[in-house]
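Asks: Top line first, the protein sequences correspond to chains A and B. Here this note's numbering is used: position 184 in the first sequence is 184, and no number is missing along the way. Here this note's numbering is used: position 81 in the second sequence is 1081, and no number is missing along the way.
Hints in this document: simulated from the structure, not taken from any laboratory. Ideal Cβ placement from N, Cα and C applies to all residues, glycine included. Keep in mind that a hint or two might mislead.
[Stated by the list, open to error] Restraint-style ranges between C-beta atoms, simulated for each label pair:
id: 1; chain 1: A; residue 1: LEU34; chain 2: B; residue 2: ASP1094; range: 45 to 53 Å
id: 2; chain 1: B; residue 1: GLU1131; chain 2: A; residue 2: TRP183; range: 31 to 39 Å
id: 3; chain 1: A; residue 1: HIS178; chain 2: B; residue 2: GLU1140; range: 25 to 33 Å
id: 4; chain 1: B; residue 1: LEU1071; chain 2: A; residue 2: LEU206; range: 35 to 43 Å
id: 5; chain 1: B; residue 1: VAL1023; chain 2: A; residue 2: LEU25; range: 47 to 55 Å
id: 6; chain 1: B; residue 1: ALA1043; chain 2: A; residue 2: TRP183; range: 16 to 24 Å
id: 7; chain 1: B; residue 1: LYS1107; chain 2: A; residue 2: ALA191; range: 26 to 34 Å
id: 8; chain 1: B; residue 1: GLU1098; chain 2: A; residue 2: ILE153; range: 52 to 60 Å
id: 9; chain 1: B; residue 1: VAL1064; chain 2: A; residue 2: ILE153; range: 58 to 66 Å
id: 10; chain 1: A; residue 1: THR203; chain 2: B; residue 2: VAL1014; range: 37 to 45 Å
[Said to hold, decoys possible] Capping the alpha-carbon separation at 27 Å, the derived lysine-lysine pairs in DSS-like fashion look like this:
id: 11; chain 1: A; residue 1: LYS248; chain 2: A; residue 2: LYS24
id: 12; chain 1: A; residue 1: LYS7; chain 2: A; residue 2: LYS161
id: 13; chain 1: A; residue 1: LYS24; chain 2: A; residue 2: LYS198
id: 14; chain 1: A; residue 1: LYS24; chain 2: A; residue 2: LYS7
id: 15; chain 1: A; residue 1: LYS198; chain 2: B; residue 2: LYS1137
id: 16; chain 1: A; residue 1: LYS7; chain 2: B; residue 2: LYS1008
id: 17; chain 1: A; residue 1: LYS16; chain 2: A; residue 2: LYS248
id: 18; chain 1: B; residue 1: LYS1008; chain 2: A; residue 2: LYS4
id: 19; chain 1: A; residue 1: LYS161; chain 2: B; residue 2: LYS1003
id: 20; chain 1: A; residue 1: LYS16; chain 2: A; residue 2: LYS161
id: 21; chain 1: A; residue 1: LYS248; chain 2: A; residue 2: LYS217
id: 22; chain 1: A; residue 1: LYS4; chain 2: A; residue 2: LYS16
id: 23; chain 1: A; residue 1: LYS7; chain 2: B; residue 2: LYS1003
id: 24; chain 1: A; residue 1: LYS4; chain 2: B; residue 2: LYS1137
id: 25; chain 1: B; residue 1: LYS1107; chain 2: A; residue 2: LYS120
id: 26; chain 1: A; residue 1: LYS16; chain 2: A; residue 2: LYS217
id: 27; chain 1: A; residue 1: LYS198; chain 2: A; residue 2: LYS217
id: 28; chain 1: A; residue 1: LYS161; chain 2: B; residue 2: LYS1008
[What the hints assert, rightly or not] Computed footprint of chain A on chain B; a stretch qualifies when at least three of its residues, placed anywhere within it, have a C-beta under 8 Å from a C-beta of chain A:
id: 29; region: 1002 to 1009
id: 30; region: 1015 to 1025
id: 31; region: 1034 to 1042
id: 32; region: 1115 to 1127
id: 33; region: 1130 to 1138
These are the residues of each chain, in order.
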Amino acid sequence: MFSKIWKWIQTFSSPKYFYGTAGKLIPWFAAGALALTVWGLYLGLFVAPPDYQQGESYRIIYVHVPAAWMSLFIYVAMAVSASVGLIWQIRLADVIASASAPIGAAFAFIALVTGSLWGKPMWGAYWVWDARLTSELILLFLYFGYMALQSAIEDQRTADKASGLLAIVGVVNVPIIHYSVEWWNTLHQGATVTKFDKPSIDTSMLIPLLLMALAFKLFYAALVLVRARNEVLYRDRNRRWVRELIQKL
Amino acid sequence: MNKRSRRKMLVVLVLFGVSVATVLGLTAFQENLLYFYSPAQIAAGEAPDSRSFRVGGLVVAGSVQREEGNLAVQFDLTDNTATVPVSYDGILPDLFREGQGIVAMGKIDSSGTFVAEEVLAKHDENYMPPEVADALKAAEQARRNESI
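Here chain A stands alone, though its shape is the one from the complex:
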């Protein structure tokens, strides 16, 4: 049983097999992401009612919240694949990790910018140094650190090792971001959806939010596969299967 799984992992993680399979999967993920985004945005911006306190401006949560969730999700995905790459030395895992970093950084950046734009009219300040905002900013810097290490070290295996360790170390920041609003007094409000209680958001507002969250997940899946395929081609540029691929063009 176990050896079967191991064999399957080895087949799938061979760069050549991955390149082909990922290429077939990308259109499905991309189409799903597009459809869900259109549906989610339509429900969120036109159908969902305004909020009793914030009026129309709460609608920024349909971008802000999924982006913030994705910045955490992608970091965990990156750290897990980095440790798989480190422990079992599966090259594809390192590729996935390094392909994820810029996408996660972009989502963290979007979360920070949209939050700041909303914060000015609602809180009265673009930025405050409370625990939630600060820890999310640190997450963005962790992504930058990972990317910097990846490109600063010439030798690919050393680069993967060093940046992978940074990704693993940075994982402690993830629970801090999530629980910051409970552990300390913050200006940022507490969790609405991801708590053990019933979500404290009206169903008509929750459904578009979940649709958008799913849309962002599919978008990430499509994008990470595109980037990973690129990376695999680049890393294997001197191998035979890539040369054969090029000759076929």
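Keeping the supplied structure of chain A fixed, place chain B upon it in accordance with the hints.
Replies: Chain B in isolation, oriented as in the chain A frame:
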């Protein structure tokens, strides 16, 4: 121990070490990580009295007094345990209203009034349409009338 499990140990140890260091660090800086003090903490004398700090709480309903002709405003801030009077001279954020949570930055003066230099609104994690909020309020009112 083979190489693979040694690497596994390394990753686990690194994670464990960093987590312990973070927990210790955060505990040590617990106080500095608080974005604001509550009125109860001020009443208990936990807030600094020489430098500015932030206080957070709910604006007491019916306590907001505005002055004619300028932006000066006074209100009481409560956490349902203690209450602090606050005075402020400036533009208030959109979400500032009675019963709403706010965070003010400033100092306590000699008379015990908190003189704010900045007022930020802190909103809660509840999102609902206005009709639902009205219905909830009506239900609350009915419940109260019943208990009287």
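Asks: Confirm or reject each hint.
Replies: How the hints compare with the structure:
Range check, LEU34/A to ASP1094/B: Cβ separation about 34 Å, and the 45 to 53 Å hint is violated. Separation of GLU1131/B from TRP183/A is about 35 Å and conforms to the stated range, judged on CB atoms against 31 to 39 Å. Remark: the range hint 25 to 33 Å for HIS178/A to GLU1140/B is upheld by a beta-carbon distance near 31 Å. A beta carbon spacing of about 38 Å between LEU1071/B and LEU206/A agrees with the range 35 to 43 Å that was offered as a hint.
At roughly 40 Å, the beta carbons of VAL1023/B and LEU25/A sit outside the given window of 47 to 55 Å. Range check, ALA1043/B to TRP183/A: Cβ separation about 23 Å, and the 16 to 24 Å hint holds. Distance hint check for LYS1107/B and ALA191/A: the Cβ-Cβ separation is about 32 Å, which falls inside the suggested range of 26 to 34 Å. A hinted range of 52 to 60 Å holds for the C-beta pair GLU1098/B and ILE153/A, which are about 58 Å apart.
The beta-carbon spacing between VAL1064/B and ILE153/A, approximately 59 Å, falls within the hinted interval of 58 to 66 Å. The hinted window of 37 to 45 Å between THR203/A and VAL1014/B holds, with their beta carbons roughly 43 Å apart. For the suggested pair LYS248/A and LYS24/A, the alpha carbons sit about 18 Å apart, so the restraint of at most 27 Å is met. Taking the CA atoms of LYS7/A and LYS161/A, the gap is about 24 Å. The hint holds against a cut of 27 Å.
Pair hint LYS24/A plus LYS198/A does not hold up; C-alpha atoms about 39 Å apart against a cutoff of 27 Å. This hinted pair checks out: LYS24/A and LYS7/A have alpha carbons roughly 22 Å apart, not beyond 27 Å. Restraint check: the Cα-Cα separation between LYS198/A and LYS1137/B comes to about 20 Å, which is no more than 27 Å; the hinted pair holds. Between the alpha carbons of LYS7/A and LYS1008/B the distance comes to roughly 20 Å, so the proposed pair stays at or under 27 Å and holds.
Proximity of LYS16/A to LYS248/A is assessed by CA-CA distance (about 15 Å); at most 27 Å being required, the pair is judged to hold. For the hint linking LYS1008/B to LYS4/A, the alpha-carbon distance of about 22 Å falls within 27 Å, and the restraint holds. For the hint linking LYS161/A to LYS1003/B, the alpha-carbon distance of about 15 Å falls within 27 Å, and the restraint holds. A threshold of 27 Å between alpha carbons decides the hint, and for LYS16/A with LYS161/A the separation of about 23 Å falls inside it, so the pair holds.
Taken as a hint, the LYS248/A and LYS217/A pair is broken in the structure, with Cα atoms around 33 Å apart against an allowance of 27 Å. At roughly 20 Å between alpha-carbon atoms, LYS4/A and LYS16/A fall within 27 Å of each other, so this suggested pair holds. A distance of roughly 20 Å separates the Cα atoms of LYS7/A and LYS1003/B; the hinted pair therefore holds under the 27 Å criterion. Distance restraint check for LYS4/A and LYS1137/B: the Cα-Cα separation of roughly 61 Å exceeds the 27 Å cut-off, and the hinted pair is therefore not satisfied.
Among the hinted pairs, LYS1107/B with LYS120/A is consistent with the structure: their alpha-carbon atoms are about 23 Å apart, no more than 27 Å. Taking the CA atoms of LYS16/A and LYS217/A, the gap is about 25 Å. The hint holds against a cut of 27 Å. At most 27 Å may separate the alpha-carbon atoms for a hinted pair to count; LYS198/A and LYS217/A meet this at roughly 23 Å. With a C-alpha separation of about 13 Å, the suggested pair LYS161/A and LYS1008/B falls inside the 27 Å cut-off, and the hint holds.
Requiring three or more residues with a Cβ within less than 8 Å of a Cβ of chain A, the coverage given for the region 1002 to 1009 of chain B holds, as 3 such residues are present. For the region 1015 to 1025 of chain B, the proposed coverage by chain A is satisfied: 4 residues have a C-beta within less than 8 Å of a C-beta in that chain, meeting the threshold of three. For a cut-off of 8 Å, the count of residues in the region 1034 to 1042 of chain B with a CB near a CB of chain A stands at 5, and the three-residue condition holds. With a cut-off of 8 Å between beta carbons, the region 1115 to 1127 of chain B has 10 residues touching chain A; three or more are needed, and the interface restraint holds.
Counting residues of the region 1130 to 1138 of chain B whose CB lies closer than 8 Å to any CB of chain A gives 5, which reaches the minimum of 3, so the coverage claim holds.
Hint check: violations occur at hints 1, 5, 13, 21 and 24; the rest are consistent with the structure.
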